[in-house]
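So the protein lines, in turn, are chains D and X. Using our numbering, the final residue of the first sequence is 256, and nothing's skipped along the way. Using our numbering, the final residue of the second sequence is 1071, and nothing's skipped along the way.
These are calculated hints, taken from the structure and not from any lab test. Note that the coordinates shown come from a computational prediction; the quantities given were computed from them, not determined experimentally. All residues carry an ideal CB built from backbone N, CA and C; glycine is no exception. There could be a bad hint or two in this list.
Computed beta-carbon distance windows for the label pairs [stated by the list, open to error]:
id : chain 1 : residue 1 : chain 2 : residue 2 : range
1  : D       : LEU236    : X       : GLU1057   : 52 to 62 Å
2  : D       : GLY148    : X       : SER1049   : 25 to 35 Å
3  : D       : GLU146    : X       : ILE1045   : 23 to 33 Å
4  : X       : GLU1044   : D       : PRO64     : 17 to 27 Å
5  : X       : GLY1020   : D       : GLN143    : 47 to 57 Å
6  : D       : GLU126    : X       : SER1049   : 10 to 20 Å
7  : D       : THR6      : X       : ARG1036   : 21 to 31 Å
8  : D       : THR2      : X       : THR1035   : 32 to 42 Å
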Amino acid sequence: MTDSWTVAGQTFTSRLIVGTGKYKSFEQNAAAVEASGAEIVTVAVRRVNISDPGQPLLTDFIDPKKITYLPNTAGCFTAADAVRTLRLAREAGGWELVKLEVLGEAKTLYPDMRETLKATETLVAEGFKPMVYCVDDPIAAKQLEEAGAVAIMPLGAPIGSGLGIQNRVTIRLIVEGAGVPVLVDAGVGTASDAAVAMELGCDGVLMNTAIAEAKDPVTMARAMKLAVESGRLAYLAGRMGQRRYADPSSPLAGLI
Amino acid sequence: MDTKTLSIQVNGAHRRVPSGISIADLALELGLEPTRVAVERNLEIVPRSTLAEVQVEDGDDYEIVTFVGGG
Chain D
1 MTDSWTVAGQ TFTSRLIVGT GKYKSFEQNA AAVEASGAEI VTVAVRRVNI
51 SDPGQPLLTD FIDPKKITYL PNTAGCFTAA DAVRTLRLAR EAGGWELVKL
101 EVLGEAKTLY PDMRETLKAT ETLVAEGFKP MVYCVDDPIA AKQLEEAGAV
151 AIMPLGAPIG SGLGIQNRVT IRLIVEGAGV PVLVDAGVGT ASDAAVAMEL
201 GCDGVLMNTA IAEAKDPVTM ARAMKLAVES GRLAYLAGRM GQRRYADPSS
251 PLAGLI
Chain X
1001 MDTKTLSIQV NGAHRRVPSG ISIADLALEL GLEPTRVAVE RNLEIVPRST
1051 LAEVQVEDGD DYEIVTFVGG G
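Could you put together the complete structure from these sequences and hints?
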C-alpha cells in the first residue's frame, strides 16, 4: 500500500518536511535532507550577498528540481511584508506553493492570526497556494481553510523550543475539522514528538531545529523519518482503547 | 554614447552605475546570475523574463533576493 498525501494537487510520499536553517554547513544540511527522506524543504527569501557574490548557494547543494522548495515568510511581522516576500519568492522560484507565517512578536514567535488571515486572503486572490503556520486553535484553522489555505500548520510548541506537542486535544480537533492537510509545524524536539503528531492523525510534520541542533543531525534526520512513518502506521492501525486499570494479557482460564 | 552615471539603491545601499544598462546588466555587474535571483524595483516585481529589457533609471530602489536556508 502506498501511503501518500496531496497538497494543492501535488502528491508526496514523505510526510516529513524539513527546514534548511541552522546547519553547520550546506553539506551537512544536504546529508540530513537525504537521511530524512523529505521531498519538501522550507527555504527563506533574503537579500543576495552583494559584497561576496561568489559564496556557495543552497541550490548548489539541494537541487530544487529534485526536492520541492517551499519558500517561507520567516521574520515577517505584517501581512504586507509576508505577501511582498512571497511575490519575490514566486519570481525567484516560479512556485505557487508557499509557506505563510506572520509572527506576532519576537519573544514567542507566536503567529499573529489577524495578519495571517489577511495575508492568506491576499495570497489566494493572487493565485498562491499557501500552507499556513497558525495557532493550535480549531476555529482559526477553519477560518484559514475558508480563506483558501491549502494546508493548516498549527504549532506544537513555540518555534525552535523543542518542547513537543503541548496540546494534543486542539491538534486532534483541528485534524478532525479540517478538509485540507494538517501538519504540525514547530515545537518538535525529538522523535517521539513527531510520532505523537502523526498518531493524532496529522498528515505530516514540519521541523528544522530538532534536526539541525541535534548533536548528530544526520542520525536525527533518520530518526525523524522513522518516527513519522511509525506514527502514521499507528494512526492507520487504530490504537487500542485506554483503560483506567490493568487487563491481563494471558488467559485466566486453565490457571494451575 | 552617454557616459553619465545613475544613482540607485540596491538592497538598501547606495550605488552608482553607468546609464543605459538593463537590470540584467546590473545583476551581472554585481556578480549575480540573473536567472537565480528575483528583483523588485521600486516595490514592484520585475518579471525575470524582462530583466534584460528593463532599463535602470536614476533614483531606482532595488531589492535583489534569493533562497537561503530557513525553517
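Verification of the supplied hints:
As the Cβ distance of LEU236(D) to GLU1057(X) is approximately 59 Å, the hint placing it in 52 to 62 Å holds. The hint said 25 to 35 Å for the Cβ distance between GLY148(D) and SER1049(X), and at roughly 27 Å that hint holds. In this structure the hint that GLU146(D) and ILE1045(X) lie 23 to 33 Å apart at CB holds, the actual value being about 28 Å. The hinted range of 17 to 27 Å is satisfied by GLU1044(X) and PRO64(D), whose Cβ atoms lie roughly 25 Å apart.
The supplied range of 47 to 57 Å is met by GLY1020(X) and GLN143(D), whose beta-carbon atoms lie about 51 Å from each other. The supplied range of 10 to 20 Å is met by GLU126(D) and SER1049(X), whose beta-carbon atoms lie about 18 Å from each other. One distance hint, 21 to 31 Å for the beta-carbon pair THR6(D) and ARG1036(X), holds here, with the actual separation near 30 Å. Here the CB-CB span from THR2(D) to THR1035(X) is close to 35 Å, well matched to the stated 32 to 42 Å.
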